[in-house]
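Enquirer: Use the sequences and the hints to build the structure in full.
These are the residues of each chain, in order.
Number of protein chains: 2
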Amino acid sequence: MSNADLVNVPSSVTRALIADAFVAAGLPAADAEKCAALMTEADLTGADGHGIFRLPQYIRRLRARGFNAHPNITVMRTAPATALVDGDNGMGHLVMSRASDEAITLARENGVAWVGVRRSNHAGPAGLYAEMPARQGMVGLYAAVANANHMAVWGGADLLLGTNPLAIGVPSGTGPLVLDIATSIVAYGTVKKCAQRGLKMPEGWFVHAETGAPITDANRAHEGLLLPMGEYKGAGLALMIGLIAGVLNGAAFGRDVLDFNADDKSATNTGHFIVAVDIARFVPLNTFMSEVDRHVRELRASKRLPGVATIRLPGDRRGECRAQRRRDGVPLPKPLVAQLDALAAELKIKPLRER
Amino acid sequence: MSNADLVNVPSSVTRALIADAFVAAGLPAADAEKCAALMTEADLTGADGHGIFRLPQYIRRLRARGFNAHPNITVMRTAPATALVDGDNGMGHLVMSRASDEAITLARENGVAWVGVRRSNHAGPAGLYAEMPARQGMVGLYAAVANANHMAVWGGADLLLGTNPLAIGVPSGTGPLVLDIATSIVAYGTVKKCAQRGLKMPEGWFVHAETGAPITDANRAHEGLLLPMGEYKGAGLALMIGLIAGVLNGAAFGRDVLDFNADDKSATNTGHFIVAVDIARFVPLNTFMSEVDRHVRELRASKRLPGVATIRLPGDRRGECRAQRRRDGVPLPKPLVAQLDALAAELKIKPLRER
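Chains as they are written, first to last, in our numbering: chain B, -11 to 343; chain Z, -11 to 343.
Some clues are possibly wrong.
Identical chains share a label here; the pair holds if one copy fits it or two copies do between them.
What the hints assert, rightly or not - Listed next, the in silico DSBU-like pairs over lysine-lysine satisfying Cα-Cα at most 35 Å (straight line): (1) Lys253 with Lys291; (2) Lys253 with Lys336; (3) Lys291 with Lys188; (4) Lys322 with Lys291; (5) Lys180 with Lys22; (6) Lys181 with Lys291; (7) Lys338 with Lys322; (8) Lys336 with Lys291; (9) Lys338 with Lys291.
Keep in mind the hints are simulated off the structure, nothing from the lab.
Expert: Encoded structure:
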């Protein structure tokens, strides 16, 4: 997609539209603001499949009562260092923010905390939540059961596994270092972006379930299986994350996962977990950060393979993207702008161009 | 390698040889037995690069005082749910067994425990330790900084990352389900096995550091870079594991990692971590296990891609291998048997053939 097909919109504007849309669809103002802030962070950091792109679907689901607009999110402390959060089918961003706060509080007391979550929903990019403990001087570990099954078990042809993402965050002198990976070869949001922008997918992303032949047309992705990262390893990781983010919390996994792209009404019973580890219980926080900085410097300065211009570390793209988009705005494809205009008209809120 | 080049030896015999060799090299009998048991479990479960195969190297290192034969392994409880284990440069199997016991005890009290380890050593396959909490009704998570850097950061050509493995174990009705993956495309033990058996490596495992061209001769692996699983994702995971299993515990990572294949004398300061999560704090253990069993049945019964005979799940190969090798013995390549004979003569212990 050429730049001519993109419209750059300041993130303050996209954020305001998102918040207004959520309020118009029935969310309390504070909740609408929180969701808008996290979705805008996704847009700023280049997680294009998780920002304002998701707004039309989220609004559809809110209006169909597929999300509970007034959830009673409860936190049960089940042991000194563990909690189980019941999201009451609220927006995933709200449920996970609450779970993350709880993990940080419990880890401050106990050195580590493991917080499981059930009855939640899609919460955006995994990196958002792994970064929260990292900003408090902690290691953050986050994983989730994805909201649709796009993968099969290794060798299988039935869609029984999600792209179940994993993120790990640690603090460093220059801000959190955050790894955010889907267990699929590519995130499904990227596939949606390709479809929306008319881009061809490389071979190796999707295979046809009957023939095993590659699929490269993103609009035909639904006919196939998304492949795992690292072959059987990614499939195995997706399975284990499904068991400990889903089954452990009494949340959906496998055959019980609802395709939330196809169904706006039914509760997804999404499961996540977040772990926070208080670094100071192992090594002084300043020592940890200066050691991370030293290693990062050494990795960046290392010799490169032929054809490689720069060494890139986890989170580099997020950081660069955030800086650039804060300056230049969030690039929105024109079809998405049209969708957002229609949504604004429907909700009787100010469209992007009038903000 | 054909079967004619392999000698099947009962695991009771390999285990006894390992224990006798360790005692002859100066380990206390109970410690020798514990190491022998864990190395034999590696052999039985098909982790051929981590069992008796390692004995000559371990003995060399013990005799060179690279391992402390009489370590004072200490456990510091640094918070209610965390501990830091100092291995005093003892055998990794002993240090990690102690760390695992501590994690299980702390998780029973607090719901979760995170135990970091420093000044340890090579401890064999990751799956061994993730399985320990799983046998006690817990989720087990284990990772380690590998004992040599065979990988580069993504795009890099300097050996600054290890194959840093990750294992996750959960209980099920038919025994623990254990995922054990190196973050490299293949475990380095497998490369060593190829070299010893004269097998060619497939393209995509190693590239030449200067040219980026593939290397397929396992005996020339040291000239190249082992590639990560799933490209930048595996490299990112290896890096983050290095930070939280190494730097967090004051253990080695990056430039500080010693190649223990090339140096028998210096302390490696190996770092690991193990996490245990008490399942009953989230969902009744029986419910968890029966749900895991149901999902496993559904995954096994799923449709298969063309050419796939059976769906295989994490741990299947380990389980089948254990059953077969308990019955038929552990297959040892003849060059390894010759090495073990020479070792037995040197240590003045009974060789395999007289047991």
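Enquirer: Compare the structure with each hint and give your call.
Expert: Hints and how they fare:
no.: 1; hint: Lys253 with Lys291; in the structure: between (53 Å within a copy, 28 Å between copies)
no.: 2; hint: Lys253 with Lys336; in the structure: within (23 Å within a copy, 74 Å between copies)
no.: 3; hint: Lys291 with Lys188; in the structure: both (33 Å within a copy, 28 Å between copies)
no.: 4; hint: Lys322 with Lys291; in the structure: neither (41 Å within a copy, 40 Å between copies)
no.: 5; hint: Lys180 with Lys22; in the structure: within (25 Å within a copy, 52 Å between copies)
no.: 6; hint: Lys181 with Lys291; in the structure: both (34 Å within a copy, 29 Å between copies)
no.: 7; hint: Lys338 with Lys322; in the structure: within (18 Å within a copy, 78 Å between copies)
no.: 8; hint: Lys336 with Lys291; in the structure: neither (56 Å within a copy, 47 Å between copies)
no.: 9; hint: Lys338 with Lys291; in the structure: neither (52 Å within a copy, 49 Å between copies)
Checked against the numbered hints listed earlier, the structure breaks hints 4, 8 and 9; every other hint is satisfied.
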